[in-house]
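Enquirer: Single-letter residue listing:
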Amino acid sequence: MGIDRPDDDADLPANEPADNSGDVADTPAHDASQARRDQIEPRDHQEYYDQLRARDASGGRATSEGADAGKADAAVVAREQAPSRERSEPDPQSKAGEPAENGQDPQAAKWPDNAEVSRWMWGKYLEKWPPEERPPVDTSDDPTGSWRADSARYLSPADNAEVEQDCDAIADREEKIISPRLREVESSDPDRRLIGFDHRLKGLDRVKEKVYDDMDLLGRSLREAISLLPDAIRYTFEYDEARYAQGVTADIARMKEQGFKLEVLKNFWSDDQYKGINSRWIEPVTGQRFEMQFHTSISAEAKEITHKAYERLRTHQADPFEELVLEAFQRKVSADIPVPSGAADISDYSEREERHDR
Amino acid sequence: MTDKVTYYAIVDGLSSRAQPAGVLRRVYFESGGRRDEAFSRDLVWKHTSLLVSAERGDLQNEFIEITEEEANEIVERIRAKVTGASNT
Numbered sequence: 081m082g083i084d085r086p087d088d089d090a091d092l093p094a095n096e097p098a099d100n101s102g103d104v105a106d107t108p109a110h111d112a113s114q115a116r117r118d119q120i121e122p123r124d125h126q127e128y129y130d131q132l133r134a135r136d137a138s139g140g141r142a143t144s145e146g147a148d149a150g151k152a153d154a155a156v157v158a159r160e161q162a163p164s165r166e167r168s169e170p171d172p173q174s175k176a177g178e179p180a181e182n183g184q185d186p187q188a189a190k191w192p193d194n195a196e197v198s199r200w201m202w203g204k205y206l207e208k209w210p211p212e213e214r215p216p217v218d219t220s221d222d223p224t225g226s227w228r229a230d231s232a233r234y235l236s237p238a239d240n241a242e243v244e245q246d247c248d249a250i251a252d253r254e255e256k257i258i259s260p261r262l263r264e265v266e267s268s269d270p271d272r273r274l275i276g277f278d279h280r281l282k283g284l285d286r287v288k289e290k291v292y293d294d295m296d297l298l299g300r301s302l303r304e305a306i307s308l309l310p311d312a313i314r315y316t317f318e319y320d321e322a323r324y325a326q327g328v329t330a331d332i333a334r335m336k337e338q339g340f341k342l343e344v345l346k347n348f349w350s351d352d353q354y355k356g357i358n359s360r361w362i363e364p365v366t367g368q369r370f371e372m373q374f375h376t377s378i379s380a381e382a383k384e385i386t387h388k389a390y391e392r393l394r395t396h397q398a399d400p401f402e403e404l405v406l407e408a409f410q411r412k413v414s415a416d417i418p419v420p421s422g423a424a425d426i427s428d429y430s431e432r433e434e435r436h437d438r
Numbered sequence: 002m003t004d005k006v007t008y009y010a011i012v013d014g015l016s017s018r019a020q021p022a023g024v025l026r027r028v029y030f031e032s033g034g035r036r037d038e039a040f041s042r043d044l045v046w047k048h049t050s051l052l053v054s055a056e057r058g059d060l061q062n063e064f065i066e067i068t069e070e071e072a073n074e075i076v077e078r079i080r081a082k083v084t085g086a087s088n089t
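Protein chains in written order, with the numbering used here: chain A, 81 to 438; chain B, 2 to 89.
Okay, chain A solo, but in the shape it has when bound (with noise of 0.2 Å):
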């Protein structure tokens, strides 16, 4: 098919690491990022926020002593070399959603800072959590072809043929007929774009999750199961904050014009462990659905950050105390994500609502 559907990153359609991705990775401030989130934070959180506190009492000059803390302060460096604007000083005048007397809204100007300290907590969770203890899927007795993401969900070799079989068929709808179209509806506006589109296909393994979930928990054929899939395509819009509102409300109007309908759009915006406005649209002629989401680089950018603690609260192998631990982790990010002005007026839709009220 000459698709690529990556497994590992399942449910990430927006900023994916920049390992697999080179719509975010061709920039001095990712790769600064990434060479952050590559390192081992070797400091306890007191002492990090410590040198933090030193080195912007000394007007931006790490304090640090040793080989070590050196090599740590490697995060900072980064934050240094980073464009001034992201380090310009907030107003405290200002509102959330306001620009300042820069002209850059306060928590956007934080915001560098609080990915950086967001990462360097991620780092100690992994410290405390490391993947590589956790225990692997036995698939010793299952048969060959079937497929199986923990000791419940399975499926078995004839379902799991079927689902691929199913997804290789919404692969071409989606490279025939609905991207292109929404390729023309990014060229309509050159100050944003699709971001994360080699991710557009959801991975195989996460179909297949909600697949048996659909089967098991709610009665659904396979055939439902798949047709009801809303995200197996997956795209994200991404904006400047300052024209976020606009531009969300101008590219539904051009996703319409070009025929797609729309089932459902929620607004996140005021929600406490994501941010962003999701929708569901369909393909009339097909009946295929697919995923739009609208995301301001510094949402998409929170989204990678916690990406691996929904996908490990996904899993039901965390205990209460490490799921309310991934919880925090992801309101604390969330927490940090500047409102684009307007982004709260955009109200919820479903069609189903609006078909009942008539």
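Keep in mind that a hint or two might mislead.
Said to hold, decoys possible - Non-contacting residues of chain B with respect to chain A, defined by C-beta distances greater than 12 Å in every case (computed):
no.: 1; residue: T7
no.: 2; residue: Y8
no.: 3; residue: V12
no.: 4; residue: E38
no.: 5; residue: E69
no.: 6; residue: E71
no.: 7; residue: E74
no.: 8; residue: E77
To be verified - Keeping only pairs whose Cα atoms sit at most 27 Å apart, straight-line, the calculated DSS-like set for lysine-lysine is:
no.: 9; chain 1: B; residue 1: K47; chain 2: A; residue 2: K388
no.: 10; chain 1: B; residue 1: K5; chain 2: B; residue 2: K47
no.: 11; chain 1: B; residue 1: K5; chain 2: A; residue 2: K412
Claimed, not checked - Short derived list, chain B residues pointing at chain A, Cβ under 7 Å:
no.: 12; residue: G14
no.: 13; residue: A22
no.: 14; residue: G23
no.: 15; residue: H48
no.: 16; residue: S50
no.: 17; residue: E56
no.: 18; residue: Q61
Just so you know, these hints were derived from the structure itself, not from any lab.
Glycine included, every Cβ here is placed at the ideal spot set by N, Cα and C.
Since chain A is already given, all that's left is putting chain B on it; use the hints.
Expert: Relative to chain A, chain B alone:
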């Protein structure tokens, strides 16, 4: 020891608020933490991440908070459908 249980009707693209496809309960523990469970076609409550996914932006299902009595009605409807013992 559970502190509180919240119930949700699960509505997908082939069901309705009047006839939900399934039912989910979120159990909060006094000791902290919580657990989401959905009533499966095996007629047992199973750990699920459906609601966690919805909170993270997944639009596949709609979750409508309901009372325990309403949840029990959905459980009985699923049980009747699976066992073929319809009481309607």
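Enquirer: Could you check if Q61 of chain B really has its C-beta closer than 7 Å to a C-beta on chain A?
Expert: Constraint on Q61 of chain B satisfied, holds at 5 Å.
Enquirer: Taking the minimum C-beta separation from E38 of chain B to chain A, is that value above 12 Å?
Expert: Nearest chain A Cβ is 10 Å from E38 of chain B, so the label is violated.
Enquirer: Far enough from chain A: is every CB of that chain over 12 Å from the CB of E69 of chain B?
Expert: Consistent with the label, E69 of chain B stays out of reach of chain A, its closest Cβ about 19 Å off (over 12 Å).
Enquirer: Hint check: is the beta carbon of S50 of chain B less than 7 Å from a beta carbon of chain A?
Expert: holds, 4 Å
Enquirer: The output says T7 of chain B does not contact chain A. Does that hold with a beta carbon cutoff of 12 Å?
Expert: holds, 16 Å
Enquirer: Against chain A, does E71 of chain B keep a CB gap of more than 12 Å to every residue?
Expert: Per Cβ check, E71 of chain B is outside 12 Å of chain A; nearest 17 Å; holds.
Enquirer: With a cut-off of 7 Å on the beta carbons, see whether A22 of chain B makes it to chain A.
Expert: At about 4 Å, which falls below the 7 Å cut-off, the nearest Cβ of chain A leaves the hint on A22 of chain B intact, so it holds.
Enquirer: Between the alpha carbons of K47 of chain B and K388 of chain A, is the straight-line distance 27 Å or under?
Expert: holds, 23 Å
Enquirer: Verify that the Cβ of V12 of chain B lies farther than 12 Å from every Cβ atom of chain A, and report whether the claim holds or is violated.
Expert: Violated, since 8 Å does not exceed 12 Å.
Enquirer: With chain A as the partner, please determine if G14 of chain B meets the hint condition of a C-beta pair closer than 7 Å.
Expert: Hint holds; G14 of chain B Cβ to chain A Cβ min 5 Å, cut 7 Å.
Enquirer: When the nearest CB of chain A is found for G23 of chain B, is that gap smaller than 7 Å?
Expert: holds, 5 Å
Enquirer: Given the hinted pair K5 of chain B and K412 of chain A, is their alpha-carbon gap at most 27 Å?
Expert: holds, 25 Å
Going through the hint list in order, the structure does not satisfy hints 3, 4.
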